[in-house]
Amino acid sequence: MTRIWLLITGVLAIIVFATSLLVVIPNTMIGQVRVPSQLAPYTGQQARGRAVYVAQGCVYCHSQQVRDPVYTSDKDRGWGPRATVPSDYVYDKPHQLGTMRTGPDLINIGVRQPSDQWHHTHLFNPRSLMPWSIMPAFPYLYDVRDSSSLKPGEVFYSVAGGKLPTGKVIVPTADADALVAYLKSLKRTYPVPTGNEPAARSIGGRSEQTMP
Amino acid sequence: MTATLSPHVVELTTSITDLENLDIRLRADASSRQVALRAISFSVIWLIIGSAFGLMASFKLHMPDWLVSSPVLTFGRIRSAHLNAMAYGWASSAMLGVSVWIIPRLVHTELRVPKAAEAGLYIWNIGMVLGIVGILAGYSDGLEWLEMPRYWADPFFVIGGGLVGLSLLSTIAMREVEHLYVSVWYILAAFIWFPIIFVIGNWPTFSGVESAAVNWFYAHNALGLWLTPVCLAAAYYFIPKILGRPIYSYQLSLLGFWTLGFFYSLNGMHHLIGGPLPTWMITTSIVASGLMIIPVMAVGVNQHMTLNKRFGALRYSPTLRFIVFGSVAYTLVSLQGVFMAFREVNRLTHFTHVTVAHAHLGLYSFVTMIMFGSIYYILPRLLGREWVSEKLISWHFWTVGIGQIVYLVPLTVAGMVQGVAMADPTSTWEQVVKAMMPGLIGRSVGGTLLTIGHCVFAYHVWLMFRGARSRQGLPPFHEVAPIITRRTKASFVSGGAA
Amino acid sequence: MLPSSLTVTLAITILGLLTVAAFLWAWRKGQFDRINDQAMLAMDDDDFNVARPWETVAQRAERVAAHGPTQLPAVPGIWGGAR
Ligand code: HEM
Ligand code: HEM
Numbered sequence: 001m002t003r004i005w006l007l008i009t010g011v012l013a014i015i016v017f018a019t020s021l022l023v024v025i026p027n028t029m030i031g032q033v034r035v036p037s038q039l040a041p042y043t044g045q046q047a048r049g050r051a052v053y054v055a056q057g058c059v060y061c062h063s064q065q066v067r068d069p070v071y072t073s074d075k076d077r078g079w080g081p082r083a084t085v086p087s088d089y090v091y092d093k094p095h096q097l098g099t100m101r102t103g104p105d106l107i108n109i110g111v112r113q114p115s116d117q118w119h120h121t122h123l124f125n126p127r128s129l130m131p132w133s134i135m136p137a138f139p140y141l142y143d144v145r146d147s148s149s150l151k152p153g154e155v156f157y158s159v160a161g162g163k164l165p166t167g168k169v170i171v172p173t174a175d176a177d178a179l180v181a182y183l184k185s186l187k188r189t190y191p192v193p194t195g196n197e198p199a200a201r202s203i204g205g206r207s208e209q210t211m212p
Numbered sequence: 001m002t003a004t005l006s007p008h009v010v011e012l013t014t015s016i017t018d019l020e021n022l023d024i025r026l027r028a029d030a031s032s033r034q035v036a037l038r039a040i041s042f043s044v045i046w047l048i049i050g051s052a053f054g055l056m057a058s059f060k061l062h063m064p065d066w067l068v069s070s071p072v073l074t075f076g077r078i079r080s081a082h083l084n085a086m087a088y089g090w091a092s093s094a095m096l097g098v099s100v101w102i103i104p105r106l107v108h109t110e111l112r113v114p115k116a117a118e119a120g121l122y123i124w125n126i127g128m129v130l131g132i133v134g135i136l137a138g139y140s141d142g143l144e145w146l147e148m149p150r151y152w153a154d155p156f157f158v159i160g161g162g163l164v165g166l167s168l169l170s171t172i173a174m175r176e177v178e179h180l181y182v183s184v185w186y187i188l189a190a191f192i193w194f195p196i197i198f199v200i201g202n203w204p205t206f207s208g209v210e211s212a213a214v215n216w217f218y219a220h221n222a223l224g225l226w227l228t229p230v231c232l233a234a235a236y237y238f239i240p241k242i243l244g245r246p247i248y249s250y251q252l253s254l255l256g257f258w259t260l261g262f263f264y265s266l267n268g269m270h271h272l273i274g275g276p277l278p279t280w281m282i283t284t285s286i287v288a289s290g291l292m293i294i295p296v297m298a299v300g301v302n303q304h305m306t307l308n309k310r311f312g313a314l315r316y317s318p319t320l321r322f323i324v325f326g327s328v329a330y331t332l333v334s335l336q337g338v339f340m341a342f343r344e345v346n347r348l349t350h351f352t353h354v355t356v357a358h359a360h361l362g363l364y365s366f367v368t369m370i371m372f373g374s375i376y377y378i379l380p381r382l383l384g385r386e387w388v389s390e391k392l393i394s395w396h397f398w399t400v401g402i403g404q405i406v407y408l409v410p411l412t413v414a415g416m417v418q419g420v421a422m423a424d425p426t427s428t429w430e431q432v433v434k435a436m437m438p439g440l441i442g443r444s445v446g447g448t449l450l451t452i453g454h455c456v457f458a459y460h461v462w463l464m465f466r467g468a469r470s471r472q473g474l475p476p477f478h479e480v481a482p483i484i485t486r487r488t489k490a491s492f493v494s495g496g497a498a
Numbered sequence: 001m002l003p004s005s006l007t008v009t010l011a012i013t014i015l016g017l018l019t020v021a022a023f024l025w026a027w028r029k030g031q032f033d034r035i036n037d038q039a040m041l042a043m044d045d046d047d048f049n050v051a052r053p054w055e056t057v058a059q060r061a062e063r064v065a066a067h068g069p070t071q072l073p074a075v076p077g078i079w080g081g082a083r
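Chains as they are written, first to last, in my numbering: chain A, 1 to 212; chain B, 1 to 498; chain C, 1 to 83.
Worth double-checking, as some hints may not be accurate.
Below, in silico cross-link-like pairs of lysine to aspartate or glutamate (EDC-like), each with a Cα-Cα straight-line distance of 16 Å or less [as the list claims (entries may be wrong)]:
id: 1; chain 1: B; residue 1: LYS434; chain 2: B; residue 2: ASP424
id: 2; chain 1: A; residue 1: LYS168; chain 2: A; residue 2: ASP146
id: 3; chain 1: A; residue 1: LYS163; chain 2: A; residue 2: ASP143
id: 4; chain 1: B; residue 1: LYS309; chain 2: C; residue 2: ASP44
id: 5; chain 1: C; residue 1: LYS29; chain 2: B; residue 2: GLU178
id: 6; chain 1: A; residue 1: LYS184; chain 2: A; residue 2: ASP116
id: 7; chain 1: A; residue 1: LYS75; chain 2: B; residue 2: ASP424
id: 8; chain 1: A; residue 1: LYS163; chain 2: B; residue 2: ASP65
id: 9; chain 1: B; residue 1: LYS241; chain 2: C; residue 2: ASP45
id: 10; chain 1: B; residue 1: LYS241; chain 2: C; residue 2: ASP46
id: 11; chain 1: A; residue 1: LYS168; chain 2: A; residue 2: ASP143
id: 12; chain 1: B; residue 1: LYS309; chain 2: C; residue 2: GLU62
id: 13; chain 1: A; residue 1: LYS168; chain 2: A; residue 2: GLU154
id: 14; chain 1: B; residue 1: LYS241; chain 2: C; residue 2: ASP33
id: 15; chain 1: B; residue 1: LYS241; chain 2: C; residue 2: GLU55
id: 16; chain 1: A; residue 1: LYS163; chain 2: A; residue 2: ASP146
Hint data in this document are derived by calculation from the structure and do not stem from the laboratory.
Extracted from the complex, chain A is given alone in its bound form (with noise of 0.2 Å):
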């Protein structure tokens, strides 16, 4: 080969083949989702929840999706009722669909653990709960208080399994509430949209109802 030009033909040609297939024509003609009318898109407090999850990197253990129950057993084992297909994912920015389970899948926690005093706990310290659980602790997301020291109204939760010395107490941060806001969010168990729902968009994510 004695041409640049030619072998940077060839290299800009196959870069260009390969995003028109994968990028741009996923982008054009298979980009029209129904929006299913039983998924909400995420409140303000959810969507914030939802920022905390990202910064802490919670994907790198934590799959959110449920794979055809044909060929694997993702269904079996209580982790959805169906496949999740495209259009639950309209709102999410960035995806968060993950390529490991070091812990659960959890696109449907919602539904399993719909207790904030089990979310609260568990994050505090997952060991408090389940002693052979390998998910970090989160304390730094709660404040640790006298239960004497608080005031009236406040919501705070005592942890189980000897993980508090006796009369202490959590109390959520904004953050530790926004972050279980959006776990008891996550719910995908109604049916697959029929395609008889109104607004049709791209899944290019143009919309403003994209999460902020």
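Using the hints, position chains B and C with the ligands against chain A.
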């Protein structure tokens, strides 16, 4: 230009018969010297930083209450700091250095606009610092392989990589040879591909599953169109050169180049097998993954046949030893990857530590080992002195060699057990977690060995830069005793490491 | 949706045809002639004159026959820039 090299070099020119050839290499090396030396020193610093993060992440997975009081040190942040410090700091900086050093040699001329290359290197590394600080401070973009903040770290990589690419391109344009060797193809292609895919990967408009598709389109191409080609280029240069015989089949290497580019670029969706994407996208990537057999075997057969009947060379040259280790790992990791891309296998191995083991077989045993080998060859030639101690090289090789086995084998096995346990809906999550524990602990032990090896290597590089008195050595191959396995009384003075 | 998919299909087809054309052109122009000789591009002449301790007698004889006698080693301690 000899003035910038050590005084020995001037002497050397008179002691070698083939002056013209030598002169080309001297001119080439002198022109890339400064950039390549800087790049290598930056890369070694990132190697140490990345090892600290990796080791910390590894221990955290079986000591979950260790260092949890600050968000900066939480597993998720340390882990992505590790990935980015290693892939973009260590491997990429080393690759920048190797590229600016190899290209002038292969096109028989000086590195052009070396100032641009040097500026590019600095800009890249500034981006690294901003990126790692951003991740640790909680400003991750949230996309694997693209965590560094989109607006205040990522532009540095496009501009920095682009500037180095510009310098390489002008060098190639001013070449004094007619034909371009295959290593030049790989490097040139990688420097064109990288800025393009990096911009696409960071494009801010995507959301939902499309953002996942673009994420993995980028991440796979970062492996296949950036890290892999430069490392293959180094292997295609050093193996023939050290053995003194040209590559077995040049046709095969060309076939390997074009098929690598064409198939690798379509591989990305195999990271999302079973995920909520249109099936045709995933199927396309699975087919392209299967076809990767072609470039992989082209490289594997070629390098094996070049080395054939000369395996004894591995005992003499550390460069060759590290690079052949890396090349074998390339074949292994790719064949493993092809299997992991099939739905039947992937349904078990996806989401398990088999993937992490595969990632390190690729990024450690292939990429990192090839970069170690290249640095062993390049540094003595740029500094005008031999490596200080064969013992240190030996220690480096054996700690990282054994470290990799201890890291990879238990993790792969544990990952498989984890996958089988997860596939059985009657197993509890507690059983799944317990299944992966031996692998997690094995990784910490292996990772500790690797980190020790990295410290030995960094210390040795530091001794080199500091100008520690090297033992007076002969150029490579005049050394009689094998210098890695065992040191007997040599009839020549010691040396000749690379 | 249809027009844009048509555009993309068309663009890819044109790109593909251009690639094929470039390849044929390169072939006709002799870019792929004597291809195995290009493997020598990585080698410098003196790479072949250096004796290597792992060579067998036969391998050494073969190399010397093809590339001339082994060069004397350079002076010990001399490193920079070459080889
Ligand atoms: C000191 C030696 C090393 C140790 C102890 C180490 C440890 C780790 C750990 C604990 C993880 C997280 C795995 C998980 O999420 O379960 C990881 C991921 C990763 N490391 Fe390393 N590592 C080392 C060296 C390297 C090197 C040299 C590179 C690259 C040049 C590298 C590249 C990566 C990549 C790409 C991932 C992400 C893997 C994935 O997403 O599947 N590591 N490493
Ligand atoms: C033909 C070659 C290859 C094929 C077909 C292949 C296939 C795969 C597949 C299917 C996965 C996804 C595993 C999963 O999540 O279930 C994967 C992950 C990975 N591969 Fe490969 N691989 C190949 C070569 C390589 C090479 C040469 C490298 C290193 C330079 C490499 C590095 C990685 C890394 C780092 C990951 C983990 C990505 C992440 O999750 O962060 N692979 N590979």
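Violated constraints from the hint list, given by number and in increasing order = 4 and 14
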